[in-house]
Amino acid sequence: MIATAVCRRLLVFFKEAPRSGTVHSVFDHAVNLEFEEREGLAGLIAKPKAFTPYAVSVRTEIPFSQAGVRAGMAAVAADGRIIISQAGLEIDCLDASSVDLSLDSISISPAAQRSAQAEILDWVLAEADAGESLAPLATGAGETVYTRFLAPRFSALEKAVWAEDEKASTEAAERFAGCGPGLTPSSDDLLCGFLAVMRLLAREQKRENLPNLIARTAIAAAKKTNRISATFLLQCGEGLVNEPVLDLLTQIFQNSEPDRIRHAAKRVLEIGSTSGADMLTGIALALRQRMGGNEH
Amino acid sequence: MIKLEVKKNAYYDSVTLMIISKEIKKLNGVSEALVGMGTDLNKEIAQNIGVSTPELDNAVSVNDFFVAVSCESEAAFQAAIQTVEELLNKKSAAKASAYQPPTLEGALKIDPALNMAVISVPGKHAADVAQSCLDNGINVMLFSDNVTIEEEKALKNYAFEHELLVMGPDCGTAIINHVPLAFANVVKSGDIGIVAASGTGTQEVSSIIDQLGGGVSQVIGTGGRDLKKEIGGLMMKLGLDALRNDPQTKVIVLISKPPAKEIATEMLERAAKAGKPVVVCFIGGDRKEVESYGLVAAVSLEDAAHKAVALSRGERAADYTGFTMGEQQAEKQAKSIAGRMAKGQQYVRGFYTGGTLCDEAMKLMIGSLGHIYSNIPLHAEDKLPDAKGGKSREHTFLDFGDDEFTVGRPHPMIDPSLRAERVVADGKDPSCAVIMADCVIGYGSHPNPAEDLANAIQTAKAEAERAGRHLCCVCAVCGTEGDPQCLSRTQKQLEEAGAVVLPSNAQATRFVARILANLRQEG
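Sequence order for the protein chains is F and W. In this text, residue positions in the first sequence follow the numbering used here: the first is 1, and each later residue adds one. In this text, residue positions in the second sequence follow the numbering used here: the first is 1001, and each later residue adds one.
Accuracy of the hints is not assured; some may be wrong.
[Stated by the list, open to error] So the derived list for chain W, only partly shown, Cβ under 7 angstroms to chain F, looks like this: (1) Ser-1014; (2) Met-1018; (3) Ile-1045; (4) Pro-1122.
[Stated by the list, open to error] In silico SDA-like cross-links for lysine to any residue, where the CA-CA straight-line distance does not exceed 25 angstroms: (5) W:Lys-1124 <-> F:Met-1; (6) W:Lys-1026 <-> F:Pro-136; (7) W:Lys-1188 <-> W:Met-1116; (8) W:Lys-1124 <-> F:Ile-2; (9) F:Lys-206 <-> F:Thr-170; (10) W:Lys-1025 <-> F:Phe-149; (11) F:Lys-223 <-> W:Met-1018; (12) W:Lys-1124 <-> F:Glu-132; (13) F:Lys-47 <-> W:Tyr-1443; (14) W:Lys-1026 <-> F:Phe-149; (15) W:Lys-1124 <-> F:Val-76; (16) W:Lys-1428 <-> W:Pro-1484; (17) W:Lys-1124 <-> F:Ala-17; (18) W:Lys-1022 <-> F:Val-76; (19) W:Lys-1388 <-> W:Ala-1425; (20) F:Lys-223 <-> W:Tyr-1011; (21) W:Lys-1007 <-> F:Met-73; (22) F:Lys-223 <-> W:Ala-1010; (23) W:Lys-1025 <-> F:Ala-141; (24) W:Lys-1026 <-> F:Arg-148; (25) W:Lys-1007 <-> F:Ser-65; (26) W:Lys-1492 <-> W:Asn-1455; (27) F:Lys-49 <-> W:Ser-1021; (28) W:Lys-1007 <-> W:Asp-1064; (29) W:Lys-1022 <-> W:Tyr-1012; (30) F:Lys-15 <-> F:Phe-51; (31) W:Lys-1124 <-> F:Pro-18; (32) W:Lys-1229 <-> W:Lys-1273; (33) W:Lys-1007 <-> F:Glu-132.
Quick caveat, the hints were computed from the structure, so don't treat them as lab data. The structure displayed is predicted, hence computed values, not measured ones. Using N, Cα and C, we set each Cβ at its ideal position, and we do this for glycine too.
Using the sequences and the accompanying hints, generate a full structural model.
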């Protein structure tokens, strides 16, 4: 198989030393790999799945689940290749492009009406069939067992983060993470979107302590959820997000035209079953900068 | 009653989990259900909606998948669990039909009688896997490349002693007991057996046999290095013997580049004792030597197919060097094309996805041209430096399947986009008169390899037209009507893009030679 893109951070990790690991889990368009030296998982991603941090994007016609890859198989990363020999799989990363999924790569234009940008996202969420997602927390339309349960917990988290109260933030994150249906529980996805925006707002508003608090909040949340979802939270804590979210946040923080923001938001919406809608919800909520107050 | 189903350390994609959640709630006798990963908060939600159990609270972890159901009866719960299993198995059922055992042991457990393995693993592991197969009495088609010649020799020595086939390494084409393996075409069954050290050469011969109404019994690949001194043609010999002993095979065809002298002699002596007609196509080789053994020499891949079909019908095997459209028509058309070209247009560019087809075209054309520059040149001095990144020089032929072009990319028969880019680029060269290209269809190839090529031809021709030149594009499609891409449909696609499509690589080459000859006369 041919790798078309590799996350820059993963490339650095692989270049430091040859790595041995195992296959953690296998899906049609993604394989998760665990390496001893890393807490989070690394991924092999094939279209149509979005490119994620610490992942290698692979061009393949065959779903991974049909290519003989099974959880527990040994995986080796060395000399620019990832090899799962039991499955006869060798992925050549040497010619793959290195992709920076870091929020730090976004250059921020002078502050705009962030709440107006949040409204664009609200419309995208309202127009979509966001199923059992947490979108009502942003749009105010409808209510589910989950949103009812999570709304006050989110307010507490929001308030603590804005107040830069680390103890309250990490406790609130622990009380918020791991809730909802899906492989990555909805509250985790929302948290990823929220913390990513908070990191950019911290830079915009020159709040120097906030990035560290965000990282610790993400670590606290990661302890309360499953390994795959925790991986995304830890990446978010490091300031890394998946490609569609990075694109959306770039459009937002560079004050792009509403149509471009809308288009980028729709790409995020397409992630997973409700994951995209949940991330969008978190992004919209952070952009509103309610600081724990509730407009709805 | 509240019931719980748990799957430990089980990860299912979110879409599947959502569908399960929705479907369970629709079931009769189910009043509430919660599906998710066993996180603390999901357990809390379960408590809130009244589907929690002590087991959920105590024995389910964040990495476990659970289904908690509030239902009227045990039967309703069983119905819910059955629904969960059905929905989970719906995906795995689709997978099971295409199940590929990850190990040889696994494959043997499924079918202990298997006797043929296609091996496509990274080169450094391939020899070990092949040896394991041979140890289990399994014939091998070794699709992998990057197997050392020492490993190849060891494998083939062992296989030869045990009368097992090692087709490869780097073997792309075989049809065994009418089952096409890797890159192969849908060819009728018949009485012509082929042993070949060439992938696209085999495809060209077998496809033309099919087009002529003939059919094949077996197509045995040997790998391109089999006839080198180091290997000694072990698999060509074994294949030849197999076809000699095969009652279904009436005529044998051998295809290869000209082997080393001593290997050729050995092979021809063996073929002469086959007791059946043998057509030998040593592409560009010594015809007289072949005929001195009483064997039938072919002057091209197409000629090999014509002769094999004639012999299988009990007819005389005459040379085929003509045109399906007729000599006069070919000359008329070539002259007309040459007449439309601008001053300065004089060179041919051959852009191939099939290495053997590229080699054959150069060999058929070199006599009238003197030099053909290439990444696989006929003469060392005609080697084109930096074939991939650099520009073409005068008459240039490129094999896009050669290593230089395939590092980090699929083979051009799977991804022909790089070749298409080159067609457009060279079309802009005012000295370029003709662009030649093959289009190989069949199993393994791109689902529509003509699409990229046709678009590139259209673009290149239109740009040349705007610049006051007439660019001629000549193509030959290698394949059959039965192929998934369909021969006539592929030919039509290229014709509609403005290409002149000939029925074989040899005819396309001869046609281009005529255009160039007419250009020389006019110039």
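To see whether the hints hold, each was checked on the structure:
no., hint, in the structure
1, Ser-1014, "holds (4 angstroms)"
2, Met-1018, "holds (5 angstroms)"
3, Ile-1045, "holds (6 angstroms)"
4, Pro-1122, "holds (4 angstroms)"
5, W:Lys-1124 <-> F:Met-1, "holds (15 angstroms)"
6, W:Lys-1026 <-> F:Pro-136, "holds (23 angstroms)"
7, W:Lys-1188 <-> W:Met-1116, "holds (21 angstroms)"
8, W:Lys-1124 <-> F:Ile-2, "holds (17 angstroms)"
9, F:Lys-206 <-> F:Thr-170, "holds (22 angstroms)"
10, W:Lys-1025 <-> F:Phe-149, "holds (20 angstroms)"
11, F:Lys-223 <-> W:Met-1018, "holds (24 angstroms)"
12, W:Lys-1124 <-> F:Glu-132, "violated (49 angstroms)"
13, F:Lys-47 <-> W:Tyr-1443, "holds (23 angstroms)"
14, W:Lys-1026 <-> F:Phe-149, "holds (23 angstroms)"
15, W:Lys-1124 <-> F:Val-76, "holds (14 angstroms)"
16, W:Lys-1428 <-> W:Pro-1484, "violated (33 angstroms)"
17, W:Lys-1124 <-> F:Ala-17, "holds (21 angstroms)"
18, W:Lys-1022 <-> F:Val-76, "violated (40 angstroms)"
19, W:Lys-1388 <-> W:Ala-1425, "holds (12 angstroms)"
20, F:Lys-223 <-> W:Tyr-1011, "holds (18 angstroms)"
21, W:Lys-1007 <-> F:Met-73, "holds (20 angstroms)"
22, F:Lys-223 <-> W:Ala-1010, "holds (18 angstroms)"
23, W:Lys-1025 <-> F:Ala-141, "holds (23 angstroms)"
24, W:Lys-1026 <-> F:Arg-148, "holds (22 angstroms)"
25, W:Lys-1007 <-> F:Ser-65, "holds (19 angstroms)"
26, W:Lys-1492 <-> W:Asn-1455, "holds (13 angstroms)"
27, F:Lys-49 <-> W:Ser-1021, "holds (22 angstroms)"
28, W:Lys-1007 <-> W:Asp-1064, "holds (6 angstroms)"
29, W:Lys-1022 <-> W:Tyr-1012, "holds (15 angstroms)"
30, F:Lys-15 <-> F:Phe-51, "holds (20 angstroms)"
31, W:Lys-1124 <-> F:Pro-18, "holds (18 angstroms)"
32, W:Lys-1229 <-> W:Lys-1273, "holds (22 angstroms)"
33, W:Lys-1007 <-> F:Glu-132, "holds (22 angstroms)"
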